[in-house]
Amino acid sequence: MAYEGGGSILPLKMLDKCIGQKVWLILRDDREFCGVLKGHDEYFNMVLQEVKEYELVENQRILTTRHSILLNGANILMIVPGSEPDYDS
Amino acid sequence: MAYEGGGSILPLKMLDKCIGQKVWLILRDDREFCGVLKGHDEYFNMVLQEVKEYELVENQRILTTRHSILLNGANILMIVPGSEPDYDS
Amino acid sequence: MAYEGGGSILPLKMLDKCIGQKVWLILRDDREFCGVLKGHDEYFNMVLQEVKEYELVENQRILTTRHSILLNGANILMIVPGSEPDYDS
Amino acid sequence: MAYEGGGSILPLKMLDKCIGQKVWLILRDDREFCGVLKGHDEYFNMVLQEVKEYELVENQRILTTRHSILLNGANILMIVPGSEPDYDS
Amino acid sequence: MAYEGGGSILPLKMLDKCIGQKVWLILRDDREFCGVLKGHDEYFNMVLQEVKEYELVENQRILTTRHSILLNGANILMIVPGSEPDYDS
Amino acid sequence: MAYEGGGSILPLKMLDKCIGQKVWLILRDDREFCGVLKGHDEYFNMVLQEVKEYELVENQRILTTRHSILLNGANILMIVPGSEPDYDS
Amino acid sequence: MAYEGGGSILPLKMLDKCIGQKVWLILRDDREFCGVLKGHDEYFNMVLQEVKEYELVENQRILTTRHSILLNGANILMIVPGSEPDYDS
Chain A
1 MAYEGGGSIL PLKMLDKCIG QKVWLILRDD REFCGVLKGH DEYFNMVLQE VKEYELVENQ
61 RILTTRHSIL LNGANILMIV PGSEPDYDS
Chain B
1 MAYEGGGSIL PLKMLDKCIG QKVWLILRDD REFCGVLKGH DEYFNMVLQE VKEYELVENQ
61 RILTTRHSIL LNGANILMIV PGSEPDYDS
Chain C
1 MAYEGGGSIL PLKMLDKCIG QKVWLILRDD REFCGVLKGH DEYFNMVLQE VKEYELVENQ
61 RILTTRHSIL LNGANILMIV PGSEPDYDS
Chain D
1 MAYEGGGSIL PLKMLDKCIG QKVWLILRDD REFCGVLKGH DEYFNMVLQE VKEYELVENQ
61 RILTTRHSIL LNGANILMIV PGSEPDYDS
Chain E
1 MAYEGGGSIL PLKMLDKCIG QKVWLILRDD REFCGVLKGH DEYFNMVLQE VKEYELVENQ
61 RILTTRHSIL LNGANILMIV PGSEPDYDS
Chain F
1 MAYEGGGSIL PLKMLDKCIG QKVWLILRDD REFCGVLKGH DEYFNMVLQE VKEYELVENQ
61 RILTTRHSIL LNGANILMIV PGSEPDYDS
Chain G
1 MAYEGGGSIL PLKMLDKCIG QKVWLILRDD REFCGVLKGH DEYFNMVLQE VKEYELVENQ
61 RILTTRHSIL LNGANILMIV PGSEPDYDS
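Line by line, the protein sequences give chains A, B, C, D, E, F and G. Mapped onto the UniProt record's numbering, the consecutive letters of the first sequence carry residue numbers 1 to 89. Mapped onto the UniProt record's numbering, the consecutive letters of the second sequence carry residue numbers 1 to 89. Mapped onto the UniProt record's numbering, the consecutive letters of the third sequence carry residue numbers 1 to 89. Mapped onto the UniProt record's numbering, the consecutive letters of the fourth sequence carry residue numbers 1 to 89. Mapped onto the UniProt record's numbering, the consecutive letters of the fifth sequence carry residue numbers 1 to 89. Mapped onto the UniProt record's numbering, the consecutive letters of the sixth sequence carry residue numbers 1 to 89. Mapped onto the UniProt record's numbering, the consecutive letters of the seventh sequence carry residue numbers 1 to 89.
Bound conformation, chain A alone:
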């Protein structure tokens, strides 16, 4: 049996639990995405729908909305399940 990890909530299992829910993704270059997680693979590549993309351009936070995207997992720093930033409020 390959080594799976330790603890009660394994990383990929946590992602499985987020399927169909909102996730907030923060990338290494500070780009942020928020959307409903539709699917993922073992490399944290992710399919999101109803997507909001936040990008800092000259200290301005630019919002772009997209219907759905496939995001390359290699650039993801952190995934915050079940929540989104309050930049729009």
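These aren't lab readings, by the way, just hints derived from the structure by calculation. One should not assume that every hint holds.
[As the list claims (entries may be wrong)] Reference listing, derived: stretches of chain G covered by chain E, where coverage requires no fewer than 3 residues with Cβ under 8 Å from a Cβ of chain E:
id, stretch
1, 6-17
2, 37-50
3, 56-65
[As the list claims (entries may be wrong)] Using C-beta positions, here's what the derived DEER-type ranges look like:
id, chain 1, residue 1, chain 2, residue 2, range
4, A, E58, C, S83, 47 to 55 Å
5, A, T65, B, K17, 15 to 23 Å
6, F, E55, E, S8, 49 to 57 Å
7, E, V57, B, D88, 47 to 55 Å
8, E, E84, A, Q21, 25 to 33 Å
9, F, K17, D, L56, 19 to 27 Å
10, C, S8, A, D88, 46 to 54 Å
11, C, E55, E, E58, 55 to 63 Å
12, A, T65, C, V57, 48 to 56 Å
13, C, S83, E, E42, 21 to 29 Å
14, F, E55, B, D88, 39 to 47 Å
15, G, R61, E, S8, 26 to 34 Å
16, A, E58, F, D86, 46 to 54 Å
17, E, P85, F, E55, 29 to 37 Å
Only a predicted model underlies this, so the values are computations on that prediction, with no experimental measurement involved. C-beta: ideal position from N, C-alpha, C; glycine also.
The hints should help you fit chains B, C, D, E, F and G onto chain A, whose structure is shown.
Showing chains B, C, D, E, F and G alone in chain A's frame:
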């Protein structure tokens, strides 16, 4: 059985669904490509046709059109299926 | 039998011992996280709860609290088990 | 059976079709090569003949010609089959 | 039999010999750690105890002491077994 | 049978043909090496003899000669078989 | 049989021949090490003894001597067998 991922739309399955359709690719260095997806492999290497390439050079967006290209998947940040940027309008 | 390593406390075994306890994570880009370790895999990807995130922005240490996160292990420089920074005191 | 990819033109199959033809390669650092593709492997390492190398040096495009080269595939951003840049015209 | 290397002291065997002893680790970004090696794996991930961390901040060498840490092996430039820097003297 | 590649001159086969001959190597950081190829492995790690190393230092091309070297293949951008730069003329 | 490479002196075989002899290592960041090679593995991780480390700091070459070190092979640019720099003369 190797672990495939979780959710209703797995990343590679989503790419399969884009075959023959327009995809909009955004790279890590902010280059953007838009074209018809003809084929892909598991590393997100992609064959595109009727390709528009957008590159920001000194704040000017330069458009280059190409018949077909093979794009190295390692540089892809995000894939936006079935859509394209409206920079030309 | 695959080579596991040497010594009385193997890295992954140490992580196993931290399950349910506070860990302080320092990333390569100097971001710091502190939270209860709920799970991890062999690549140091980690599920944390009751999370404090410290980020240096123009020499100011910004604190963000989050309920739970999944952190990509590739960016982790160091894990300090059972402790947290005293920036709040 | 290992996963090969999706679509009518798989990336490596496209390269196979370019054997004996001109290809135009654009690297991540903006260097460009154009030559006849004589062979390749699965990592996009390529053997080119009748090679033109274009390099931007202080906004000047420098052309170097070489009989044949072996190019490391890891630096390739994009391959444009059957065409070449019109910098010489 | 997988290739193990050559010579009388193989890298991982050397690490094995350092178990329970002081090691001085120099990272690629010039951070330095010194502590007792409690365990390691094949990727040079290391468990250290009685740890001194030296970091150069604006030409000042800052010392931080920690009870124990798990250090990601990917950032290690060099391991100096059985010795420590004399910055404190 | 593992996939080997396509075309009449596969990359590693081309290297095999260069054994005993002069090769000119250009690295990603613009360092250049020229010497007789004595051996190589599948990662483009190379053993060269009668070696000339060219390095640009403040726009000056510095030549260093060495009897033999082992060069790490990961930094190689391009291999030009059977030729050398004419910087000395 | 796994592919080993081509030529009369394979890279790892060359390292084997250096066991017990002086080697001069030049890293990607221009740090240099010179010492007696005691052992190595397939990733060019190396155990050196009687080590001289040369580091350029503000155009000054700083020499540090160490009894023995384990050097991470990933940062090595080039290995010059059986020789050392003449910086001390």
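How the hints compare with the structure:
no.	hint	verdict
1	6-17	holds (count 3)
2	37-50	holds (count 9)
3	56-65	violated (count 0)
4	A:E58 to C:S83: 47 to 55 Å	violated (38 Å)
5	A:T65 to B:K17: 15 to 23 Å	holds (21 Å)
6	F:E55 to E:S8: 49 to 57 Å	violated (35 Å)
7	E:V57 to B:D88: 47 to 55 Å	holds (49 Å)
8	E:E84 to A:Q21: 25 to 33 Å	violated (49 Å)
9	F:K17 to D:L56: 19 to 27 Å	violated (32 Å)
10	C:S8 to A:D88: 46 to 54 Å	holds (52 Å)
11	C:E55 to E:E58: 55 to 63 Å	violated (19 Å)
12	A:T65 to C:V57: 48 to 56 Å	violated (26 Å)
13	C:S83 to E:E42: 21 to 29 Å	holds (27 Å)
14	F:E55 to B:D88: 39 to 47 Å	holds (45 Å)
15	G:R61 to E:S8: 26 to 34 Å	holds (31 Å)
16	A:E58 to F:D86: 46 to 54 Å	holds (47 Å)
17	E:P85 to F:E55: 29 to 37 Å	holds (31 Å)
Violated hints, listed in ascending order, are 3, 4, 6, 8, 9, 11, 12; each of the other numbered hints is respected by the structure.
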